[in-house]
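Those sequence lines, one after another, are chains A and B.
For the first sequence, the residue numbers in my numbering are 284 to 604.
For the second sequence, the residue numbers in my numbering are 9 to 270.
Hints are computed from structural coordinates only; laboratory data are not their basis.
No residue lacks a Cβ here, since even glycine has one placed at the ideal position from N, Cα and C.
Some clues are possibly wrong.
Pairwise CB distance ranges (calculated) [said to hold, decoys possible]:
no.	chain 1	residue 1	chain 2	residue 2	range
1	A	435	B	159	15 to 25 Å
2	A	416	B	97	28 to 38 Å
3	B	76	A	408	28 to 38 Å
4	B	72	A	543	30 to 40 Å
5	A	419	B	97	15 to 25 Å
6	B	156	A	318	17 to 27 Å
7	B	163	A	327	39 to 49 Å
8	A	322	B	218	51 to 61 Å
9	B	163	A	442	24 to 34 Å
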Amino acid sequence: MTTGTQQRRKERIDRGIKVRTEGIYALMSWRELAYLILPRFVIIVGLLILPLVIFDMYWQRVISIVCIYALLALSFDFLAHHVGLVSLGGAFFVGVGGYLSAVLNSVFGFPALLSIAGATVIGGIICTLLLLPCLPLRGVYFAIVTLMYPLFMARVIEALDILGGTDGIMGIDSLPSAWMEQYFIIGMLLLFLFGIRRLVNTDLGLVLRAVKDNDQAVRASGMNITTYKAFAVCIASAIGCFAGASLVHIYMWAGISTFALDFSVLPIAATVIGGSGTLVGPVIGCLILVPVSELLRDFGTLRIVFYSLSCWPSLSFAARG
Amino acid sequence: MKGGPILQIQEITKTFGGIIALNRVSFEVGEGEILGIIGPNGSGKTTTVNCITGFVKPSSGRVLFRGKEITGKPPHKIADMGLTRTFQIMRPYFSLPAYKNLVIPLFSPRARRTGGWRGGGRRGDRNTVGIDILEEIGFERDSYVPFKVTSTLPTGYLKRLELARCLALKPELIICDEVFSGLSMSEIASMVPLIERLQMSGITLIMIEHRLRELFKVADRVLVLNFGEKLVEGSAAEVMADPRVREAYFGSEKVEEVMRHA
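Chain A with its partners taken away, still in its complex shape:
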């Protein structure tokens, strides 16, 4: 009888402790440690090792492109599944970041790394300001409007013949070396990936998720949902602009094709294949999709057919990644 009461009392005390210590993990064994570290370890080491095991120049370039798409997919996944804004504006972010970095580098003479950093920050702000009027829109409507932006920008540049017109801006500095280029982008991808993962798990991340699930209740709690949406868009577009700026410095050229819809659509496919809402999934999705897409180049026009066929089983049998 007494032991029963004591047992219950102990349980009662434990429950309280359980909540208060949430977020503090006690590692009990090597196995638990492995569970915690291995998945991250595989991703980090896997990405870092890639440039070392691939010697072919062409495929080394592909690694950088994979990372750029991965950044876009990460930005899409964050906005769509953690804030509830389905954005097709990936191409817009890339274009804005790309052109900004090109201008900073070729007109103002900033070194490559500095102009990428500048384009990331300024681009994030510009994209947010331009998207601000669309933030009250939801679901499909927001998607359509964000799709309009890259098309619009590309036509404006073409018609007004500004920023190099159809020729684009040439003679942009590349990053100092091929190794530097790859490790810079891989490093930033890892930084953004784990940064966003951390953000999503904070109280702020919880509020962003609440904006997605239940915006009326957030408003009733005395919070301006537009502010939080704008904040999220700012982060996502800064990531996109960074991707665009890096791309421009890899190709040493900024043109209208940076507004190509590939940059909007492929990241979405990668997110779906890799697992939406997981943040890591989209990165893995890009690791699969982009090389496949490169391999299929040999097939010419049939490329997109094979491409679709390769996506199809994943979409129909494992729609959640």
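We have chain A already, so just place chain B on it with the hints.
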């Protein structure tokens, strides 16, 4: 009316297309009182709440909170002033554990300013403060209930969770949109003292209700809406005695039954 008016509604009209949902409705709520609003379905109760809390912009008329005009302000500004509401159709964050629901309102500017609950609301402390509020509102602290995923909670707890979301903001006025409906008699019986306790702590309440018997127990004054117009306003007994109310709303037999129990 106890004390001065905290909320003044002046000649509010709301039309949806050609339909008049509210027609020149005026009333006042005194500091610290409980005002009940009743009326048949479609009489404009929830529209009134939406007009006051900014979720719907009234077509004409004014809403004053503590003498300041709040007509047409966005909901988050109004909530930030301490005028909060619950939703008739409960809107918790279903995928989260119950106590995590409160982290969100505790993140708001008002909660940070007022220190949330019992001086809490500090960074990283929102989980604990959330559980404190849940305990205050009748979640058993020593049970697993506050930690259960919200979608698995019964209606009674969800209603309390709605109230808890308001309390996290340290409100001055709470508008409860049908907190009693859908609850069993025993759940209501435990809810009534809770409402009284909120009033004791200095919070003004407006209660929109269909459960008249329970409402009359707690409400200081009652207002009857019918077809978007104010019919009567007064104490429970006055309202019940009014022939227009009997006619428009209850049907005379029902009134006597309710009166007998009240």
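Hints, verified against the model:
At about 42 Å, the CB distance of residue 435 of chain A to residue 159 of chain B disagrees with the hint of 15 to 25 Å. Range check, residue 416 of chain A to residue 97 of chain B: about 30 Å between beta-carbon atoms, so the 28 to 38 Å window is met. Separation of residue 76 of chain B from residue 408 of chain A is about 34 Å and conforms to the stated range, judged on CB atoms against 28 to 38 Å. Distance hint check for residue 72 of chain B and residue 543 of chain A: the Cβ-Cβ separation is about 55 Å, which falls outside the suggested range of 30 to 40 Å.
At about 22 Å, the beta-carbon gap between residue 419 of chain A and residue 97 of chain B stays in the expected band of 15 to 25 Å. Checked against the hint of 17 to 27 Å, the pair residue 156 of chain B and residue 318 of chain A passes, with Cβ atoms roughly 25 Å apart. For residue 163 of chain B and residue 327 of chain A, the Cβ-Cβ distance of about 47 Å falls inside the hinted range of 39 to 49 Å, so the restraint holds. For residue 322 of chain A and residue 218 of chain B, the hinted distance range of 51 to 61 Å is satisfied, since their beta carbons lie about 52 Å from each other.
In this structure the hint that residue 163 of chain B and residue 442 of chain A lie 24 to 34 Å apart at CB is violated, the actual value being about 59 Å.
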